[in-house]
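Based on the provided sequences and hints, a complete structural model is requested.
Take a look at the letters that make up each chain.
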Amino acid sequence: MLWQPGGPSHLDMWDMKPDAPVEYRGEFTSIPSDIPGYRVSELMPKLSQMCNKLAILRSVHHMMNEHSQATHTVLTGYAPVKGDPVQEAPSVGSIVGKELGWRAGLPGYIAVQQALEHGRSGYLGVANDPFETFGYPTSPSFRVRNLKAADGIKDERVTTRKKMLEKFDTVRRDADASGAIGAMDEFRRQAFELATSPQIQEAFDLNKESDKTRERFDKKSGSGQGALLARRLVERGARFVTVSMTFAKPWDSHQDNFTAHRQNVPGYDYTASALLEDLANRGLLESTLVIIGGEFGRTPRINDKAGRDHWASCYTTVLAGGGVKPGIILGSSDALAELPKDRPIFHQDIMATMYHLLGVDYTKSYLNEAGRPVQVLNYGKPIEEIL
Amino acid sequence: MHRMFLRSVLALLVGVALGTLAGTSKAAPLDFTNDVVPLLSKQGCNSGACHGKAIGQNGFKLSLFGFDPAFDYAALVHEGRGRRVSAAAPDDSLILLKAAGGMAHGGGLRFGTDSEPYKLLKQWIEQGAPWGEENAPRAVRLEVSPAEQNVEGKAEIPLKIIAHYSDSSTRDVTATARYDSQQPMMLEVTSSGLVRTSGQLGEGDIMIRYGDLVAVSRFTHSFGPELPNEAYASFQPKTFLDELVLAKWKKLHIAPSPACSDNEFLRRACLDVMGTLPTPQEVRDFLANTAPDKRDKLVEQILERPEYADYWAHRFAEILRVKTGDASFKDHTVKFHGWIRQSLAENKPYDQFVRQIITVTGKRADNPQMDWYRQAISNQVRVEDSAQAFLGLRVSCASCHNHPFENISQTDYWRFAAFFARVGSVTYGSVDEIKLDENGMVKHPRTDQPLKPRGIGAAYGTPEVEYVKGEDPRLKLADWMAAPDNPYFARAICNRVLGHYLDVGLIDPVDDMRATNPASNPELLDRLAKDFIEHKFNLKHLMKLVMTSRVYGLSSDPADANKLDTRNYARHYPRRLSPHVLMDAIDGATGVPTKFDDYPEIKRALLLPNEKGRSDFLDMFGRSSRDTPCECETRLAPNLSQVLYLLHAEEIQRKLVDKDGNCTKLAKSGKSSDEIVDEIFLRTFSRLPRPEEQAEAVSLLDTAMDKQPVIEDLLWTLMNSKEFLFSR
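Protein chains in written order, with numbering that gives the first Met the number 0: chain A, 0 to 386; chain B, 0 to 727.
A portion of the hints provided could be inaccurate.
In silico DSSO-like cross-links for lysine-lysine, where the CA-CA straight-line distance does not exceed 27 angstroms [said to hold, decoys possible]:
| # | chain 1 | residue 1 | chain 2 | residue 2 |
| --- | --- | --- | --- | --- |
| 1 | B | Lys60 | B | Lys296 |
| 2 | A | Lys166 | B | Lys706 |
| 3 | B | Lys594 | B | Lys347 |
| 4 | B | Lys594 | A | Lys147 |
| 5 | B | Lys249 | B | Lys237 |
| 6 | A | Lys162 | B | Lys543 |
| 7 | A | Lys161 | B | Lys52 |
| 8 | A | Lys380 | B | Lys60 |
| 9 | B | Lys293 | B | Lys543 |
Computed footprint of chain A on chain B, listed as stretches where at least three residues anywhere in the stretch have a Cβ under 8 angstroms from a Cβ of chain A [claimed, not checked]:
| # | stretch |
| --- | --- |
| 10 | 437-448 |
| 11 | 713-725 |
To spell it out: a stretch of chain A is covered by chain B in this simulated footprint if at least three of its residues, at any positions, have a beta carbon under 8 angstroms from a beta carbon of chain B; those stretches are [said to hold, decoys possible]:
| # | stretch |
| --- | --- |
| 12 | 169-175 |
| 13 | 182-189 |
FYI, nobody ran anything at the bench for these hints, they're computed from the structure.
Where a beta carbon is used, it is the ideal one built from N, C-alpha and C, also for glycine.
The structure is reproduced here in structure tokens:
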């Protein structure tokens, strides 16, 4: 999941309105894409030629016009419940991680750098939080936080410590009916496996990529190198990986929307196209679902600070791979990109599509901590047209 | 053979019961609320997974478990273009066609056309789908027999359910009540109320629902054959707590582990009372003390230490949500936290403590506890926070619909809210002054009728309260809470305190008391509450009572006679140290305090007044964000990131090598290897090393050129060990 926190402007990227009045259409011109008749922003020269790999959903909408509530809705499928953590819904990644579990020694749900806002486990409990890498993937010395022993602790000392732990840590796991002692042992086993397995170290080691590949993902871009790390992890078995895609300016462009997008969209174009290209070249796109979007779009009418505000009533989300039919532009917006015109898509429909493609039963219920049964999704169904 | 016979007799009985019901109803018209709604509940039509959920199912919505019969009546009779019930052709009514398989139904076949529910519904439709008499008696209480039952092996036990009505009449509703097993591995229940036990050991409940009333029937299967008296010989009860726990063990055929060692007791007691490990000197002194009553004396001493108030202020600050949110409220929280700490230090009676929070009036400058109202900013939050924090009740579901698992109605919820109706002068974002709002009132959200205040628990005969001109009804709320016959208040705090010291409450979770979550030992909870009230809501008395019991002093090592026990205290249950306690323990063991860049004046995590104090460690180990009064917000479950942190974090390594830290000091101290090893064990496990541990560790030290790295490795090892990370 390539996440654009703050909300990108659909009108300046995927849903251009060149014929709209000047206070709507904005500064950018459109260019033709590889799908006849469909034009995208001039800022996306690379993606414009990859639309035949994408499903572009232009009529997505929900009810939340504030960042936190919208992000919560888009990442969990539920509106926030009055800030009540015992009823806090888990993020899609936590559910996928829980349902599909570890694979090839990698945790099911990994957040490159830090968990997205509302990207945590809610009532499923901290064991289902994402595994967060921390660190800066652009740094030559990038490494996952706490994955290996602290600096200055050499391998033989690690071995010594591990042996000492086996000798001195003798509390019986059957002493604890809650299972916390047993769980601690199990997590420690996993931790040592992560720390000592050369395969795992290799999975997180971006220096193993060729210079050409690193360059294709832009060596200087944290989002680009994050996307590359996500690709390495997915290639090795990770189930669900999130990357926050931010560039020079925040996506939340209440002022100078066009400056912000002029600075951001080229990086977005470069990063997203690199990921799609790379997955396709490796034959991984068929089996990898890529989700690109933010929590909402931006107001079609430009405000008096040349900015655009929050707009959840109609925006664009892009899917690719993982069984999604390529080359589809589904749904459209009205003349001003304010409301869906045909084939309105609830955000929960996208989530149902994701769960369906990942093989997770979204009608299943969990008990939340209030003892109330809550379905993975209580709304939405898979988008048949792109399956 | 025997089993089959029993089943057929029961089937016959049920048939007779229904026959009688249908027979009498021919003459008297059926009543929608009394006859039809229970049927909808029993068939699951109005459950949260089907038409009872907030958005209904395929356009047909019913109120959850039938809490709003008028709504359901309209949905069935008036909506759906009149097709749901068809008086002209009853068999063509959608409700019958869908439920009995005559039309496609997402919920599948609910009953056949020759079934009793079908006949009853059809009869009701034939009668013209009557609403019934406006003043018809309503069911107010369920009587379940057996309410409690001991079982051995596989058995079949029929339940009998009597509904009591508002006019004191009764009706056998066994056939029309709905049954759900809370422990399906142990208990199965048929739709006619026949319970089958699987032979699995332990305790389990059947939940019974009739209309919108709930009740439970509890089944207990002993954990093994009866134990000889010798199994209990070493356990000499000291207090009523011991007596009542022992009685439960005998019922379950389990026996206690032996008493824990002195150093285990000391570590446990210090962590539970003060959130702090004992110092090495305290361990040595306690072990050297030969007084027979030294454990009781210790409890008395540490309850008087300032760290008691520090630690329990931290715990209450989580329950009372001392939270800045916006950093500009830091001063509010520092003062509120200080008020809580001072209340605990002077051992303010608990009813006074709560009264002073709930009824606070005047200016915040004079009443720091007024900051409670800043988090509890709306009437709904006041209801939910005060119910959960002070009454042990989770009532939020009843704001929109009747509580599905407790006899708390939506009306009960809003009547409770009426206590807060006259809280006035609330400024936006902060609460700096509270005055009486003479005209404040609360209306029922569905009927729009003004409501008079009433404490929760109509079933206990809780009376309603009249508004008195010039008087704040919150005073009556505090009176009601502290009344000796209040069913919740004293029980809630006793359960919370017991749950803290014995790791699991009699009711678990500690703030979720309800008919369908009964106490594991109700007699003990009643007795504790009575004793607490008799001792004038004295918290330290309650804590002392628990901690000086034999039960509190049991070992956490399981014995054969109690290895299946998880709820009845036959051994002590270990608990991972909470985030702040663990941070302080690491800082204490390494001798290197953590610095909080937003709270530079704070030297111990437990002294942080609010949810702030920037720290990845505290977040990672599950610190509460204080968004609700729920103790569950502090997460004690381990995860991978925590384990990786303890093993590898630079922060830990820096504390180990710190030039002013304990490792460096020990390396330079000139102490012998034996003394060094003793010191490290005392600072982490709060005990001296066993001989084999001593030998192992000393040989590592003696063979090293440089002792410091070995000291670091040993401390690292012990801090990563479960004996350090858990209280046991």
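Right, here's what the structure says about each hint:
For the hint linking Lys60 (chain B) to Lys296 (chain B), the alpha-carbon distance of about 62 angstroms lies beyond 27 angstroms, and the restraint is violated. Of the pairs offered as hints, the one joining Lys166 (chain A) and Lys706 (chain B) holds, with about 19 angstroms between alpha carbons and a cut-off of 27 angstroms not exceeded. For the suggested pair Lys594 (chain B) and Lys347 (chain B), the alpha carbons sit about 33 angstroms apart, so the restraint of at most 27 angstroms is broken. Between Lys594 (chain B) and Lys147 (chain A) the alpha-carbon distance is near 24 angstroms, which keeps this suggested pair within the 27 angstroms criterion.
Taking the CA atoms of Lys249 (chain B) and Lys237 (chain B), the gap is near 17 angstroms; set against the 27 angstroms cutoff, the hint holds. Our distance criterion of 27 angstroms between C-alpha atoms is broken by Lys162 (chain A) and Lys543 (chain B), whose separation comes to about 42 angstroms. As the CA atoms of Lys161 (chain A) and Lys52 (chain B) are separated by approximately 52 angstroms, the hinted pair breaks the 27 angstroms bound. Taking the CA atoms of Lys380 (chain A) and Lys60 (chain B), the gap is about 20 angstroms. The hint holds against a cut of 27 angstroms.
For the given pair, Lys293 (chain B) sits about 14 angstroms from Lys543 (chain B) by alpha-carbon distance, which is consistent with the 27 angstroms threshold. Coverage of the stretch 437-448 of chain B by chain A is violated in this model, with 0 residues showing a Cβ closer than 8 angstroms to a Cβ of that chain against a need of three. Chain A is given as covering the stretch 713-725 of chain B, and this holds because 10 residues of the stretch bring a CB closer than 8 angstroms to a CB of that chain, at least three being needed. A count of 6 residues in the stretch 169-175 of chain A with a Cβ less than 8 angstroms from any Cβ of chain B is obtained; the coverage claim is therefore met, three being the minimum.
Figure legend: the stretch 182-189 of chain A, annotated as covered by chain B; annotation consistent (6 residues with Cβ-Cβ distances under 8 angstroms, at least 3 required).
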